[in-house]
Each structure stands twice: as C-alpha cells, then as structure tokens.
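Colleague: Same order as they appear, the protein sequences are chains A and G. Note that this note's numbering has the first sequence beginning at 1, numbered continuously upward. Note that this note's numbering has the second sequence beginning at 136, numbered continuously upward.
Do not take every clue at face value.
Stated by the list, open to error - Calculated pairs, EDC-like style, for lysine to aspartate or glutamate (alpha carbon to alpha carbon, straight line, at most 20 Å):
{"#": "1", "chain 1": "A", "residue 1": "Lys-23", "chain 2": "G", "residue 2": "Glu-274"}
{"#": "2", "chain 1": "G", "residue 1": "Lys-266", "chain 2": "A", "residue 2": "Glu-63"}
{"#": "3", "chain 1": "G", "residue 1": "Lys-333", "chain 2": "G", "residue 2": "Asp-323"}
{"#": "4", "chain 1": "G", "residue 1": "Lys-266", "chain 2": "G", "residue 2": "Asp-283"}
{"#": "5", "chain 1": "A", "residue 1": "Lys-23", "chain 2": "G", "residue 2": "Asp-283"}
Unchecked claim - Quick partial rundown of chain G residues pointing at chain A, CB under 8 Å, derived from the structure:
{"#": "6", "residue": "Asp-246"}
{"#": "7", "residue": "Ile-248"}
{"#": "8", "residue": "Asn-260"}
Because the hints were derived from the structure by calculation, they are not lab data. Glycine is no exception: its CB is placed at the ideal position from the N, C-alpha and C atoms.
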Amino acid sequence: MNKKTIIFIFMLSGSLYLISCGKAEDIISPTHYSRVPRPVNLSVNYDTTSTGMYRVNINWTVESTNNLKDFEIYRSINTGTFFFLSGGINSTNFIDSTLSNTDDYSLAFFVNGRGIDRFVGQSSDTVKITVTKTF
Amino acid sequence: MRIIILTLIVVIIFYQCIFSIDKKKENDKENSAVKNRYELFDDFKMLDEPGFFDVEFTPRRTKALIFSTLIPGSGQTFLGDEIKGMGISLAFYGTALAAVIAHNNSQGREDRIRVLTQDYNSKGNYNDAEKVWQTILAEKTNRDNDYDRRTIFTWLAVGVWVYNIFDILFLTNDQGENEFSQNNRVIDLNLAAYNDFKGVALKLNLP
C-alpha cells in the first residue's frame, strides 16, 4: 500500500473518530410554570361582623381550571411571617373572620392553586390591607 | 454536518497537495517527447533542485513519519530537531489533555443534569421546582461551555497533529544519525552519568 494512502487513511479515521464523539443531550421542558394555574387579580376589602370580628374578603381569578383542584391561602399579620391560613378552598374568594375587632392590624395575603396531581402552583402576588378598629 | 464537511475538505486538500506534484510530473513527462538541449539542461537542474512538495522517503524519514504519526513530535526528535519535537509534543498533549478534561467535565455535568431532572420531576410545589430548574439551567450553561471547550481543543489537537505530519514530510531536514552525539546545540537534555551522579542533565552551551 502506498505510504501516502496510509497517511490519508490515518487522517480520515482520526477525523471520523472525532466526529463520532457524543453531543449534548437536550434538557426537559419546564412544566412547573403552567402545571397549575396561578391566581391573579387579588383584591381585598373588609368590614366587621355583629360579633365584633373583622371580616376580610379576599377575591381572585384564574385564567383556566386545567389540573386545578382547590386553593390554599396564607396570611401575615403586622409584617410577620406568612402562615397557612386555610386550604381546600373550592371557590375564588375567601372570608377571613378570625381576628377580633379590638386592635389594628396590617394584613397581607397570597393564594396558591393546588393541582389534581397535588402539585402546588405558583403563588399569587401578595395583597396588603390595614384594618382598623371601630369605636 | 458542518464539521464533517470541513474535515473532509481539509483531508482532501492535504491529499491533493501530495498527489498533485506526482501527477504534474507525469504530465510533464508525457508532453516532453522532443526537447532541445536547454530544456534538457533545465530538466537536469530541476532534478538537482527538488520542489517543496517533493518528499524523499528515505528509511529514516519513513521511520520518523511512523513515530510522528503515533507520537507527535517524536519524528522531529528522531531526525535531530529535538526542540521542535518537544514543542510539538507539548502542544499536542497539552491540547489533547485539555480536550479530554473538557469532555470529562461535560460528561459529569450531563450526569448531574440527569439527577437534577429526576429531582425536578419529584418536586411537589412551584418554589422547589423553580429552584431545581434554575440549577438545571446553570448546569446546562456550564455543560455547553465544556462541550465548546472540548470541540476547540480537539480541533487544536488535530491541527497540531496535521501540522506535525506536514512538518515531518516537508519542513524538517534529516540531520543524520550522529546529530545527537556530535552536535553542540544551545540546549542539551540527556541522561548522564558522572562520578556518583546519575540522572537527567540539562546542558546549556553558551556561545
């Protein structure tokens, strides 16, 4: 065999070896952004009950009900940590009447949608309100 | 696909460079049935002065070619140009090692992305899933950089190897068998034994 042909074969086989090296695998598409609809347009208002409690009404909307089971709501009092307030809410509104009308409070709420597959979706924006006692 | 085409083009150009000279000579022979004495004189001159791409495959050059094919730079050292040989060896193994390290890193990151993907799929809420997703994206960026580095250094190593072959064929002169023992280069690197000393000796021959 000609020596030049040997060189050619060496170069060709080397090039083919290099080309055969693995390529990057594609990563998955993210599902968590749209898996459960996000509550939007949160609004809040309040009044008082005849039993001396605050009645805080929180309303929101969702753009679809795909994979949507229920909602859960979190509350913060006087800029403290958010705590779970209620879950299993099957409507797009909630009434918080757990605070007595004896003091002023700065309240904040946000809502999560919960999927049929138990995935907890993206939280809504936080909505704030200050409730003041009536004399 | 682009890499395959580029590779084939480079290989074909290199191959054609080597063979085109031989074909030209054959054509010249065919076209020169009758020549005057000046043309014959030119032919003799051409025989005395080989062209750039004329390769004389002496046994030593053939051996050097085989050495350089297997270990880039070793052929140049064999022919007596040890500094160039050392440089080519360092360049080749440096780039090849960098390519191997980049490949290794990319495979490690590929595995980590697989683990993170499993973690992502098992998350039960948006916030945790988002954290893992951001980690996956960061890892993907790093992995893609590693793949880019691997590609760059691999082709650099290929370039050094091709240059090494080109150099051994056309650019390195055979300095003879006795070059190692008789030359008086600026730098000598040899095994040495002197009195109780035995080891590697680096000798600087100052002018």
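Colleague: Now tell me, hint by hint, if it's right for this structure.
Modeller: Now the hints, each set against the structure:
Restraint check for A/Lys-23 and G/Glu-274: the C-alpha separation of about 16 Å stays at or below 20 Å, so the hint holds. Restraint check: the Cα-Cα separation between G/Lys-266 and A/Glu-63 comes to about 25 Å, which exceeds 20 Å; the hinted pair is violated. This hinted pair checks out: G/Lys-333 and G/Asp-323 have alpha carbons roughly 16 Å apart, not beyond 20 Å. Only pairs whose Cα atoms come within 20 Å are accepted, and G/Lys-266 paired with G/Asp-283 is rejected, the gap being roughly 26 Å.
At most 20 Å may separate the alpha-carbon atoms for a hinted pair to count; A/Lys-23 and G/Asp-283 meet this at roughly 10 Å. Interface restraint check for G/Asp-246: the shortest CB-CB distance to chain A comes to about 10 Å, outside 8 Å, so the restraint is violated. Taken as an interface hint, G/Ile-248 checks out: its beta carbon lies about 6 Å from the nearest beta carbon of chain A, inside 8 Å. Contact between G/Asn-260 and chain A, as hinted, is supported at the beta carbon level, the nearest pair being about 4 Å apart and thus within 8 Å.
In the structure shown, a violation is registered for the earlier hints numbered 2, 4 and 6, in ascending order.
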